[in-house]
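4 protein chains.
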Amino acid sequence: MIVVLKPGTGAEKKEKLIQWLEHQGMRVHISDGDYQTVLGIIGDASRLDLDLVESLEIVDKVSRVTEPFKCCNRKFHPEDMVVSAGGVPVGGGHFAMIAGPCSVETEEQILTVAKAVKAAGADLLRGGAFKPRTSPYDFSGLKARGLELLRIARAETGLPIVTELMDIRDLELFSDVDVIQVGARNMQNFDLLRELGHCDKPILLKRGLANTLRELLMSAEYIMAGGNEQVILCERGIRTFADYTRNTLDLSAVPVLHELSHLPVIVDPSHATGLSRLVPSMAMAGVAAGADGLMIEVHNDPIHALCDGAQSLRPEEYAKLSEKVRQIRKVVTA
Amino acid sequence: MIVVLKPGTGAEKKEKLIQWLEHQGMRVHISDGDYQTVLGIIGDASRLDLDLVESLEIVDKVSRVTEPFKCCNRKFHPEDMVVSAGGVPVGGGHFAMIAGPCSVETEEQILTVAKAVKAAGADLLRGGAFKPRTSPYDFSGLKARGLELLRIARAETGLPIVTELMDIRDLELFSDVDVIQVGARNMQNFDLLRELGHCDKPILLKRGLANTLRELLMSAEYIMAGGNEQVILCERGIRTFADYTRNTLDLSAVPVLHELSHLPVIVDPSHATGLSRLVPSMAMAGVAAGADGLMIEVHNDPIHALCDGAQSLRPEEYAKLSEKVRQIRKVVTA
Amino acid sequence: MIVVLKPGTGAEKKEKLIQWLEHQGMRVHISDGDYQTVLGIIGDASRLDLDLVESLEIVDKVSRVTEPFKCCNRKFHPEDMVVSAGGVPVGGGHFAMIAGPCSVETEEQILTVAKAVKAAGADLLRGGAFKPRTSPYDFSGLKARGLELLRIARAETGLPIVTELMDIRDLELFSDVDVIQVGARNMQNFDLLRELGHCDKPILLKRGLANTLRELLMSAEYIMAGGNEQVILCERGIRTFADYTRNTLDLSAVPVLHELSHLPVIVDPSHATGLSRLVPSMAMAGVAAGADGLMIEVHNDPIHALCDGAQSLRPEEYAKLSEKVRQIRKVVTA
Amino acid sequence: MIVVLKPGTGAEKKEKLIQWLEHQGMRVHISDGDYQTVLGIIGDASRLDLDLVESLEIVDKVSRVTEPFKCCNRKFHPEDMVVSAGGVPVGGGHFAMIAGPCSVETEEQILTVAKAVKAAGADLLRGGAFKPRTSPYDFSGLKARGLELLRIARAETGLPIVTELMDIRDLELFSDVDVIQVGARNMQNFDLLRELGHCDKPILLKRGLANTLRELLMSAEYIMAGGNEQVILCERGIRTFADYTRNTLDLSAVPVLHELSHLPVIVDPSHATGLSRLVPSMAMAGVAAGADGLMIEVHNDPIHALCDGAQSLRPEEYAKLSEKVRQIRKVVTA
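Chains X, D, Y and E are the protein sequences, given in the same order.
With the working numbering applied, the first sequence corresponds to residues 1 to 334, in that order.
With the working numbering applied, the second sequence corresponds to residues 1 to 334, in that order.
With the working numbering applied, the third sequence corresponds to residues 1 to 334, in that order.
With the working numbering applied, the fourth sequence corresponds to residues 1 to 334, in that order.
Because the hints were derived from the structure by calculation, they are not lab data.
Hints should not be assumed to be uniformly reliable.
If chains are identical, the list can't say which one is meant, so a pair holds when it fits in one copy or spans any two.
Result set (BS3-like, lysine-lysine): computed pairs, CA atoms no more than 27 Å apart in a straight line [what the hints assert, rightly or not]:
hint : residue 1 : residue 2
1    : Lys-324   : Lys-131
2    : Lys-70    : Lys-6
3    : Lys-201   : Lys-320
4    : Lys-70    : Lys-131
5    : Lys-70    : Lys-14
6    : Lys-131   : Lys-16
7    : Lys-115   : Lys-75
8    : Lys-330   : Lys-320
9    : Lys-14    : Lys-201
10   : Lys-14    : Lys-61
11   : Lys-320   : Lys-115
12   : Lys-6     : Lys-16
13   : Lys-61    : Lys-324
14   : Lys-75    : Lys-14
15   : Lys-330   : Lys-115
16   : Lys-115   : Lys-143
17   : Lys-13    : Lys-324
Start from the sequences, fold in the hints, and give me the full structure.
Okay, structure coming up:
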């Protein structure tokens, strides 16, 4: 950690701070510049309260040198992690297509979609049984019955299933799920993350709407510190001033996360844009950016069928997109 | 709800959409403009999936006319809500000062601070026993022992206590707490909110880092829809590009929330800025903006004592600030 | 335009507003909902002050139905615009690679880079002669001499040149430039835009750091309303809370701009990320998102040569990237 | 400047970098930590290209120690600057109220408003003659005639005038203006700033929509470096995801700018919120935050008169607000 002192800091105050730092077990290396003094703090600075130090009258700024994450840090794990998602490898050169409806609605619906995406080459089936909804009055999913329908679809197609857990008290119901998804709004639900660190299933961890990449990695660290190293990171759009799409897909997250961490990184273009007609472009951009997989919503909704020219992602559109994604993937990894 | 169709939409497609809307139980009012057709949807549009309608090929844009929140909507509750926080009224002309340390650390610490803020006229004592921490390696609070120390401080000073609940499984431990705080990161932890709707304690609900005011109100709605109408809203800073303060305190939230809702609104300048030397200015700005209360961190930390000129909010600084806040409150409500 | 009145608005006030609107030349269509009255305003609502109407006591909200831009609106220009950039077609199926150094430094430098990017298949040469710098103490470009060096490089390689104009008083110096660039900070320098509307050169208009896509189009409209229809739009990253890259490249801008406008859209991954090691991923993502071109910084700087493994975009890296971009372009347009 | 090298950087590459830095005239202080090497760069680091150094393969991060602004830096100018705005002192304990209409429309209008705000104790008159408009089709001000009307209003009331300059070619027309305003969109129009550095009038510099406080200060530095030290900084709201107000007023800018600079800081609550009914709360919050003045829009518009209960800021509302602002100012400075 580096602590820059304000110009004109008296020797006595400087000395007191150094003593306090040493008392916390740090070694302090003093470097006097032309204008300001810089203290290099050597030792396990993760135990120091950076905000506290920064708030001191004599301190100008503070910056960490070492990243506070270890388990998910590529510095300590140079090899790509390959996560086994119900038998499907993700990461380390293995690309996975996850597809399915936003919500599981009926047996017929989930079976139809599951078979269609399987035919188009999808590797995993997604579908929401527990749905986070901004309004308490909106439909919040079929819950246990939704999980049952997903299992039926898996039995029928062989596709492993990915579905979201919102409340840790429901964990038992998820014993037969292949990949547990943590949604954007729960990215910093630390108690939930900690519990998932003790389970033996891969976790698909979505980036929160207003979270930095380092915070996403710290949340992965919560899971991994508990012993569960099977974490897949997912970029799904951040909240910005931009008002045309629901969120702003931050694709630079893909190469940056690959730089900082050895975990696989996938992209969800459906939630990011909120407009299905933009999904193909953003899916192709995601794979071109180097993602290890894509998570795409596919549905066969009556209203879309009704308006036959609608730009929504119906199974046939998904199939066409899949083919292009595969070709771009080949170019990227060539 | 208003649905604007794209120019040149064919009569047949328009008719199909209208039929579908009517099938969902809506009445549709058609208005043909010079360029575009506008459909006015009359009925309980909260049951329609706005995103789905917006994604249709023939739809240009969709906007809701009525707010989706009812319980916390001033339109239906014109009188200010007065929340009773352990006997202390908040809102509707009642101003409350909440003060205390970030974390409860020791009996001596909490008693010292509690007595000091009581002497400076604080109405409620805050202190964290369960702490949300970005890193799994950071100190996450004294937990049950912290709650016990808060009770001791209450017994000693008479100040009701406000403290954060992170995991619904801990609810029982909070049976003796006066006000339960929901932190910014849990503002959209919908299962937690729903459970708190069934408890009989006031809830202090903090705005999430990237949440709009309407989303904050929808989260209050979750609690209130369950029967618990005692909700206090709290602005504590949002995440923006601004890089000097930890977050950007959005004080316009105060008059806007008062316009939209009858719930009391308080301001937390400590978390918003992350720099204690800015707290007095932002606290005064908060009360001037019309807040019904302030939540301020006060501590008597050794390192601050060490550097005697530090700008941190020590008890004596808090006392001085309290006096100014009271005077500004008088001007605002005169 | 649609004006939603607050519930309980008295008949008299409603009548006064309608009269005022009719007095402004509008026709008003009244639609009474279960809760609220909605006024459909028919006529040229672009002449009304939306903010003023919105601020009225009886008004709940206001929304425009028609877009305020005409010249750059795809609704009125369904065919893609093809801009001729010094003879190189951009848009409408024509993909252009623009490459070169950030700043023109010396004749040797610009010639070396120009030849290298030409060899790698670049279509246009970029290079800054007038540089916008945050600090008044930083090097702000070679100015007229820089333009001269660009002309020399063009003569040598045949590549048309793209360079930024910051001050309208310098326009004469640009008479021999092929494409004039308007930088992000000048996107809403309306006097500059208006003047460029009267010149006969293509304008490469960069999106401002905090501007919506509709604002970008309104700025294009400024140029086009003056008679100059040769505008190329450029996404170069927006400012968000994300702190790892310099800006956040918003690639959804590409399909959205193509939807709203017939103008060509290019992507600048170099300025967006600020980190040359991320440029290849973001360049590939840009072309995959459907961009009509890419603008990439290429340099042969001694310090990069010095550290031989540096991830910076040297000519040979650019050549390799170009090849991948071409292949992805083929997949996208197949 | 501090340069942190990546762990495992070879001795040879480290040596090359140090040589290069020394070749640029820096002294380099090497500090080897447990994990990483930190280079302390001593000398005039403002001449180094921070982005270039950061992009090197062996560099983990770079941070500046000294601020790049000098003329407006409180470190070198501990005493508050008092700007003389047409004879009215602003800053250093002098509080100024600037009021007037958004645009100058007619002689009657500007005279009516000017007299009303003068009667309510305003110190300066604002009014737009050249108006920045997002759309080329909107009214862009009366221009020279508007300036003339402002002069008439000054002659009548004695209030010095503040008005916006957008195009440096119009500077001559402003020779008789008391304070020249630079709008948010021109905050980084560096050529404009540089020219204003050579004029002898106070400049009211508004913060750009997406600019940090350090960037605002760098723009002030442009003006001051040219010799014109009379700069007033103005916070007027930034662009965030928040969607209820036009922009988000960032009041923490006030104490932070006072900390970093000796220049006076004023607040414009009218443009920040875009909703006149929120202006009184935000104006009171602004003075409570420590602002040296407020800039408020006052108008006497027929439509507002029409809807007699409208919440807009009419002269009588301004007068009432002024009184409260004065009282809060007394509390803050007591």
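Hint-by-hint comparison with the structure:
1. Lys-324 x Lys-131: Intra 30 Å, inter 40 Å, cutoff 27 Å: neither.
2. Lys-70 x Lys-6: Between. Shortest inter-copy distance 15 Å satisfies the 27 Å Cα cut-off; intra-copy 32 Å does not.
3. Lys-201 x Lys-320: neither (32 Å within a copy, 40 Å between copies)
4. Lys-70 x Lys-131: This pair counts as between: shortest inter-copy Cα distance 21 Å, intra-copy 32 Å.
5. Lys-70 x Lys-14: This pair counts as between: shortest inter-copy Cα distance 25 Å, intra-copy 32 Å.
6. Lys-131 x Lys-16: Result: close neither inside a copy nor across copies, 54 Å intra and 29 Å inter.
7. Lys-115 x Lys-75: neither (41 Å within a copy, 38 Å between copies)
8. Lys-330 x Lys-320: For Lys-330 and Lys-320, both the intra-copy (16 Å) and inter-copy (15 Å) Cα distances are at most 27 Å.
9. Lys-14 x Lys-201: Neither way: Lys-14 and Lys-201 sit 50 Å apart in one copy and 43 Å across, limit 27 Å.
10. Lys-14 x Lys-61: Both. Shortest intra-copy (14 Å) and inter-copy (26 Å) distances satisfy the 27 Å Cα cut-off.
11. Lys-320 x Lys-115: within (15 Å within a copy, 40 Å between copies)
12. Lys-6 x Lys-16: For Lys-6 and Lys-16, only the intra-copy Cα distance (15 Å) is at most 27 Å; the inter-copy one is 31 Å.
13. Lys-61 x Lys-324: The answer is neither: 49 Å in one copy and 30 Å across copies each exceed 27 Å.
14. Lys-75 x Lys-14: For Lys-75 and Lys-14, the Cα distance is within 27 Å only across copies (18 Å; inside one copy 34 Å).
15. Lys-330 x Lys-115: Within. Shortest intra-copy distance 25 Å satisfies the 27 Å Cα cut-off; inter-copy 30 Å does not.
16. Lys-115 x Lys-143: Classified as within: same-chain Cα gap 22 Å, cross-chain 49 Å, threshold 27 Å.
17. Lys-13 x Lys-324: neither (64 Å within a copy, 30 Å between copies)
Consistency note: the structure conflicts with the earlier hints numbered 1, 3, 6, 7, 9, 13, 17.
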